[in-house]
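From first to last, the protein sequence lines are chains D and B. Sequential numbering from 485 applies to the first sequence in the working numbering. Sequential numbering from 317 applies to the second sequence in the working numbering.
Incorrect hints may have been included.
Chain B is nowhere near these chain D residues, computed Cβ spacing over 12 Å in every case [as the list claims (entries may be wrong)]: (1) Glu494; (2) His505; (3) His508; (4) Leu512; (5) Gly533; (6) Gln557; (7) Thr559; (8) Glu563; (9) Gln564; (10) Leu566; (11) Arg567; (12) Glu569; (13) Tyr570; (14) Asn581; (15) Glu584; (16) Gly585.
One side only, chain B facing chain D, incomplete, derived with CB under 10 Å [unchecked claim]: (17) Tyr329; (18) Arg370; (19) Glu382; (20) Met386; (21) Thr417.
Which chain D residues stay away from chain B? Per the calculated CB distances, all over 12 Å, these [unchecked claim]: (22) Ala495; (23) Gly509; (24) Glu518; (25) Val519; (26) Gly527; (27) Gly529; (28) Val534; (29) Leu535; (30) Ser536; (31) Lys554; (32) Glu561; (33) Leu573; (34) Asp579; (35) Ile582.
Since the hints were derived computationally from the structure, they do not count as laboratory data. From the three backbone atoms N, C-alpha and C, an ideal C-beta is built for every residue, glycine too.
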Amino acid sequence: MAYNGGPMTEAMYYVLLALMHPNHGYQLMHAITEVSHGRLIMGPGTLYGVLSRMQKDGLISLAEDDGRRKTYQITPEGEQALRIEYGRLKAMIQDGNILEGGNENE
Amino acid sequence: MNKTVYKLRPSDYWRIGEHESWFADMAANGIHLKKMGLQFVQFVKGEPKKMRYRIDVSINKKITPEQIQMYAESGWDYVTSYNFFHVFSSPVELNAPELHTDPAEQSYTLKELDKKLAMNAGIVAVAMILMIVMLYAIWFLDETPTLVLVEGIAIQQTILTIFIGFSAYTSLQAAISIRALRKDLIGGKPIDHHAPWRMHHRLNSIIALLFTAVVGVGSIIPFVQLAKGDTKTLPEASLDLPFVRLADVEQNPALVRGESTYMSDNVDWGNRYTYEWSPLAPVQYETDENGVVPGRMWKDGSGEYSPSMHTRVYQLSIPSIADNLISDLIKRYNYDDSGEDFVKTKHPTFDHLIVHEDEAMKEVFASKGKAFIHVRYYGYADINSIIENIEEKIEIILE
């Protein structure tokens, strides 16, 4: 399914985030764990699926390919999509602020 | 050194979780998956080992070296592939991370397969419908299903239809299952890697066995029919075979054989007998005979008197179909007659006796037990002479 600008899956979001620095498959898995502060551990199957799909959609591209190991990088379109998604998520968090003082209103 | 073990390949390749748990259970018994063949799964005998197996579906039929490399770095070794399915394994003690940690993401890997299976199912369903229409035409277009059954004409087509029907059923099942799995994954429900496989496995083995037996026996039948069937020129002398002869009915020493009208493969098709076999009628004869009485003329002056005879003889496996067979034969071979002049007659010898007389044309259908004889005669001899001859010949079949 081509990316249509709608909400991203968690996997997509973190892969794009991790690819702000070009990286290759195995390291990328660790980068994702790191960038999510250990909250998200992504299996190689899920990662491979996200990578091949986002490459097809032009959100990421190959920075280097030595045959066995491919290094991916985010494209300008990918970064733009990531920033839009980030803005959306931020707005969502702000909208959720009413929950913070929830108990007092009861 | 290591012994190879072959197991029948399950026909329900789309049950991913069941395959995974099957491979794992095998490995725990020391039988390790090596290769998925066309009909058989190849295992290698070794030490029992607790293994995890995961089947990954790829969008493309071919798995990329990059994917293999990436999985290997996480502790998953590539084992084998079949169609869109790729098997990876990892020892339990290695505690490798799950391949797929996000069911919704995994559902994307099934998208292409889902589409393809849906298309396959559509194509096979159309083929199935065409086959059924064709088969229906063979069986029922002439409205003579018993005759088709007895002569064993439609055996190949029927078997082929069963075969296509089975693949249509499997394709449909595959398409529905993969669609359901994709929906489950989208809904966040992961694949059950320990799905019980024994029941489906046993069922599949039984179906495969039955199917092989039916198709196997079924495909032999046409060859038996070919091998057993033969056509020969009728000798002028009488034979110890169960069909009525023209000379016996005519009772005229002046009768000589008519000139052959059609010769092929050294057989005079105007004076021939054909032997055939089918499961429902293991003995079948069909004969044609033509004679001339030199000097004698047809009463209407249309030429020299030349009586002819066409007979069919069946030894039926199931005697009770004789009744239907008679009405089918009447239908099939009496295009112009509306069938109203066929008279059912009681006779002490026969179970069924139907006669039809139209000037010089005489027809008799007679059955007794599993024997059935049909005579169509064109000439001036009395119809009772034909019936008497049938009485005599029908005993030969019953012996």
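Practice prompt. May I ask you to check that D:Gln557 keeps its beta-carbon over 12 Å from the closest beta-carbon of chain B?
Written response: 16 Å, holds
Fill in: Claimed clearance of chain B by D:Glu518, with the beta carbon kept past 12 Å
D:Glu518 is indeed farther than 12 Å from all Cβ atoms of chain B, at 15 Å.
Worksheet item: Do the numbers back the hint for B:Tyr329, that is, is its least Cβ distance to chain D under 10 Å?
Response: Violated, because the Cβ-Cβ distance from B:Tyr329 to chain D comes to roughly 19 Å (cut-off 10 Å).
Worksheet entry | Non-interface claim for D:Leu566, where every Cβ of chain B lies beyond 12 Å | 17 Å, holds
Discussion item. Checking a non-interface call: every C-beta of chain B should be farther than 12 Å from the C-beta of D:His505. Is that right?
Written reply: Correct as stated: the minimum Cβ-Cβ distance to chain B is 18 Å, above 12 Å.
Worksheet entry | Exclusion check [D:Glu569 not at the chain B interface, CB over 12 Å] | D:Glu569 is indeed farther than 12 Å from all Cβ atoms of chain B, at 16 Å.
Fill in: Least C-beta distance between D:Leu573 and chain B, which was stated to exceed 12 Å
Holds: least Cβ distance 17 Å, greater than 12 Å.
Practice prompt. Say whether it holds or is violated: D:Glu584 keeps its Cβ farther than 12 Å from all Cβ of chain B.
Written response: Non-interface label stands for D:Glu584: nearest chain B Cβ at 28 Å, farther than 12 Å.
Worksheet entry | Check on D:Thr559 being off the interface with chain B, judged by Cβ distance over 12 Å | Given that every Cβ of chain B is farther than 12 Å from that of D:Thr559, nearest at about 19 Å, it holds.
Worksheet entry | Reported absence of D:Val534 from the contact zone with chain B (all CB gaps over 12 Å) | With a cut-off of 12 Å, D:Val534 comes too close to chain B, as the shortest Cβ separation is near 6 Å.
Discussion item. If I take the minimum Cβ distance from D:His508 to any residue of chain B, is it greater than 12 Å?
Written reply: 9 Å, violated
Discussion item. Please check whether the beta-carbon of D:Glu563 is more than 12 Å away from every beta-carbon in chain B.
Written reply: Its Cβ never comes within 12 Å of chain B, the nearest being 21 Å, so this holds.
In summary, the numbered hints that this structure violates are 1, 3, 4, 5, 17, 22, 23, 26, 27, 28, 29, 30 and 31.
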